[in-house]
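Enquirer: The listed protein sequences derive, respectively, from chains A and B. The working numbering puts the first sequence at residues 1 to 510. The working numbering puts the second sequence at residues 1 to 292.
Where hints are given, some of them may not hold.
Partial pick of chain B residues on the chain A-facing surface, computed with a CB cut under 8 Å [to be verified]:
#1 R12
#2 Q170
#3 A171
#4 G176
These are computed hints drawn from the structure, not numbers from a lab. Glycine is no exception: its CB is placed at the ideal position from the N, C-alpha and C atoms.
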Amino acid sequence: MNDSAPAIRLTAIDKHFGAVHANRGASLVVRDGEIHALVGENGAGKSTLMKILSGMMPTDSGTIEVHGRDVTGWDTSEAIDAGVGMVHQHFMLVPTLTVAENVVLGREPVSAGRFDRVRAVRDVESLCKQSGLDVPADRLVADLSVGEAQRVEILKLLYRGARVLLLDEPTAVLSPPEVAELWKVLRRLRDGGATIVLITHKLDEVMAVSENVTVMRAGATVEQMRTRDTSPEKIAKAMVGRDVDLTVRAGRSASDPTASAALDVRHLVVRGARVDRAVHDVSFRVAPGEILGIAGVEGNGQTELLEAIAGIRAVTSGEILLGAADITNRSVHTRGEAGLSHIPEDRHRRGLILDYSIADNLIFGQQHQFTSNGILLRDAILDHARSRIIEYDIRPTDPSLPARALSGGNQQKIVIAREMGRAFDVLLAAQPTRGVDVGAIEFIHAEIRKARDAGKAVLLVSAELKEVLTLSDRIGVMYGGRLVAMFSRAEASEEVIGPFMTGAKRELVA
Amino acid sequence: MSVLLFLAQTLRIAVPYLFAASGGAIAERAGVVSLTLEGFMLGGAFGAVMGAYYTGNAWLGMLCGIAAGLLLGTIHALASIRFRADQVVVGVAINLFSVGITRFFLQLSFGSSSNSPRVVGFGSGSGGGSAAFLANPLVWLGLAVIPVLAFVVNKTRFGLRVRAVGEHPQAAASVGVPVNKVRYIAVIASGALAALGGVYLALDQHQFTDSMTAGRGFIALAAVIFGRWDPLRAGVACLLFAAAETLQIQLQAAQIIPSQFVAMIPYVLTIVAVAGVVGRSTPPAALGKTSE
Numbered sequence: 001m002n003d004s005a006p007a008i009r010l011t012a013i014d015k016h017f018g019a020v021h022a023n024r025g026a027s028l029v030v031r032d033g034e035i036h037a038l039v040g041e042n043g044a045g046k047s048t049l050m051k052i053l054s055g056m057m058p059t060d061s062g063t064i065e066v067h068g069r070d071v072t073g074w075d076t077s078e079a080i081d082a083g084v085g086m087v088h089q090h091f092m093l094v095p096t097l098t099v100a101e102n103v104v105l106g107r108e109p110v111s112a113g114r115f116d117r118v119r120a121v122r123d124v125e126s127l128c129k130q131s132g133l134d135v136p137a138d139r140l141v142a143d144l145s146v147g148e149a150q151r152v153e154i155l156k157l158l159y160r161g162a163r164v165l166l167l168d169e170p171t172a173v174l175s176p177p178e179v180a181e182l183w184k185v186l187r188r189l190r191d192g193g194a195t196i197v198l199i200t201h202k203l204d205e206v207m208a209v210s211e212n213v214t215v216m217r218a219g220a221t222v223e224q225m226r227t228r229d230t231s232p233e234k235i236a237k238a239m240v241g242r243d244v245d246l247t248v249r250a251g252r253s254a255s256d257p258t259a260s261a262a263l264d265v266r267h268l269v270v271r272g273a274r275v276d277r278a279v280h281d282v283s284f285r286v287a288p289g290e291i292l293g294i295a296g297v298e299g300n301g302q303t304e305l306l307e308a309i310a311g312i313r314a315v316t317s318g319e320i321l322l323g324a325a326d327i328t329n330r331s332v333h334t335r336g337e338a339g340l341s342h343i344p345e346d347r348h349r350r351g352l353i354l355d356y357s358i359a360d361n362l363i364f365g366q367q368h369q370f371t372s373n374g375i376l377l378r379d380a381i382l383d384h385a386r387s388r389i390i391e392y393d394i395r396p397t398d399p400s401l402p403a404r405a406l407s408g409g410n411q412q413k414i415v416i417a418r419e420m421g422r423a424f425d426v427l428l429a430a431q432p433t434r435g436v437d438v439g440a441i442e443f444i445h446a447e448i449r450k451a452r453d454a455g456k457a458v459l460l461v462s463a464e465l466k467e468v469l470t471l472s473d474r475i476g477v478m479y480g481g482r483l484v485a486m487f488s489r490a491e492a493s494e495e496v497i498g499p500f501m502t503g504a505k506r507e508l509v510a
Numbered sequence: 001m002s003v004l005l006f007l008a009q010t011l012r013i014a015v016p017y018l019f020a021a022s023g024g025a026i027a028e029r030a031g032v033v034s035l036t037l038e039g040f041m042l043g044g045a046f047g048a049v050m051g052a053y054y055t056g057n058a059w060l061g062m063l064c065g066i067a068a069g070l071l072l073g074t075i076h077a078l079a080s081i082r083f084r085a086d087q088v089v090v091g092v093a094i095n096l097f098s099v100g101i102t103r104f105f106l107q108l109s110f111g112s113s114s115n116s117p118r119v120v121g122f123g124s125g126s127g128g129g130s131a132a133f134l135a136n137p138l139v140w141l142g143l144a145v146i147p148v149l150a151f152v153v154n155k156t157r158f159g160l161r162v163r164a165v166g167e168h169p170q171a172a173a174s175v176g177v178p179v180n181k182v183r184y185i186a187v188i189a190s191g192a193l194a195a196l197g198g199v200y201l202a203l204d205q206h207q208f209t210d211s212m213t214a215g216r217g218f219i220a221l222a223a224v225i226f227g228r229w230d231p232l233r234a235g236v237a238c239l240l241f242a243a244a245e246t247l248q249i250q251l252q253a254a255q256i257i258p259s260q261f262v263a264m265i266p267y268v269l270t271i272v273a274v275a276g277v278v279g280r281s282t283p284p285a286a287l288g289k290t291s292e
């Protein structure tokens, strides 16, 4: 061990996945005891680099040094033994086990041949106290909030004595107060001597907590800077490779207040997978030329609400009107004909068939317009695809490529092109920029505004509060299946909305 | 027909279910589909008869039956874990393979396509009836296997790892749990356990007959599902199914209802159980998913 050596030194890391070159000679130096931000667009290779560092996958070439020791080619258990651990974007927790069982898994205390549950609980409780991470050790992980689950992930690392913590987009699922809580925890850990690498693409987070920042682009580490010597604009430029407009345009409503609602939801009740009333008596209207944004921590009924309006989840009671037409119990097809477009929140599950070509994905739901006597018109489909690919800047441009071959941003553009490229009056946009790079976010936001300005009604649901604030003319907040507040753009801010998202405040909207 | 006799009969029928269901519970909790129980049982029955025939010793017969189960379990494990084959397909294949290979060796060894010669069994000297049944060590083993399995699954480190691996193998792997090793152990153990069910059947009847397990492996799997993958509940389900079968035999003798309908009882009960009449049962989340 060498005191002057950096905590982490990655040199010339290269990693291929088939034809994809995920890391191209990436290098990273992280000082001992700092919070280091690793930023870059989606697909820039951040997660891959961290997975290589944490031993989850081997590198093709290059070297990994931790505290001056060459550890290239180690596996996760060796990494854990050396105090290097990762909190994954998708939690690595077993929902049917308790917090304590999850924390000690792999290093379970055993006495007389039995798993020593009592000691596990005691150990985890004392660890909670030491670290300031508050989680009930006896609770099933399935019953935890996302914020609590994340704390369990960090506890797991601390239980194993981790001194180097890698966090992959830890704030993606958190509400603003939970984010603030996380920063407190990370700072406390750092002050206690831990080294933290924070993967993120949110620049305000970089500015808020990190001492140094490394920017990745297209698999390479393009720049390392001291956070206090840089600015969000400089970081964004390094991420994208060109200047990016980061200013938040105020929403400008084109809506005519006298116009009747394009979408009218009345006393909607929808059953969820686990609860009877995932959506609990929700009513609202969206006018033509208006973007209504729904803010809220994920899992508070937004998904069920949009699925019910889109027609892929049954309505228990209440009404959904599209213009004057009652579509409450209509098929997805009828809704589409009536002028409803839907950008689903999970493009892999609902938005695309990944193994189908770009061209085929572009006609889903409209395929009957591309048939003659039940036979698909290949030429028409390809022509349609070529024009959409140009119009929506989908790359690569070969319409016969499977959707799987595209980056997240370009996959999302296929969905956007399909849903917004056809005639519609009401657009449901669920997490429209999730897992999409900065450039594509700009593009998608511009498209949504364009639709609004053309007099369409847009219902936007996003876990990114900033996105809701940026785009919406009016903002509703969902908590526990209810619409707990409604604000005009002028009234709304993160500070105002935050308490409603956590359920700390409510002013039920009729 | 006394209550005692009814219970004894139920128990006697339940023993193979208890063995097979415990095998199914451990493998499925580890995330590997146990459609193979039927094949394991058949292999175990045949192994037991071969062993007992050539050695004249029931204990050695039992060991041969277990060996057959271990062998089939290993094939299942290799195909499902190492080669990541579809576990349903592997299950069907192993079941068909077991029918075929036992029939083949039946013909080869004994020149019969239907049954083996008579072999020794446990407690065969004590004159039949309920006394013989109580002298059979496999009955006691069968009764013990469920609580022991419940202890292993719920109270030991291995059990904790089995549950973790069946629910979220990536999570288990990320903290250094050897996922594949845990699954190998669980699946191979399920082979031995289910085979013991077959051993019991064969030695109880003192011979092997072609396809003698007659769907019992599937009923045991239904018991596992009915019991929501919990060993104790699965054990109770086995007893319930066995009681239904006993009832069926009694009713058939009484000739109140047409026997064909009565014969359906255990199977109808199985369908009813599996169709979720007992409430929603959630399988281990990673069940049947090939890893990576």
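Enquirer: Of the hints given before, which are not true for this structure?
Expert: Result: hint 1 breaks, nothing else.
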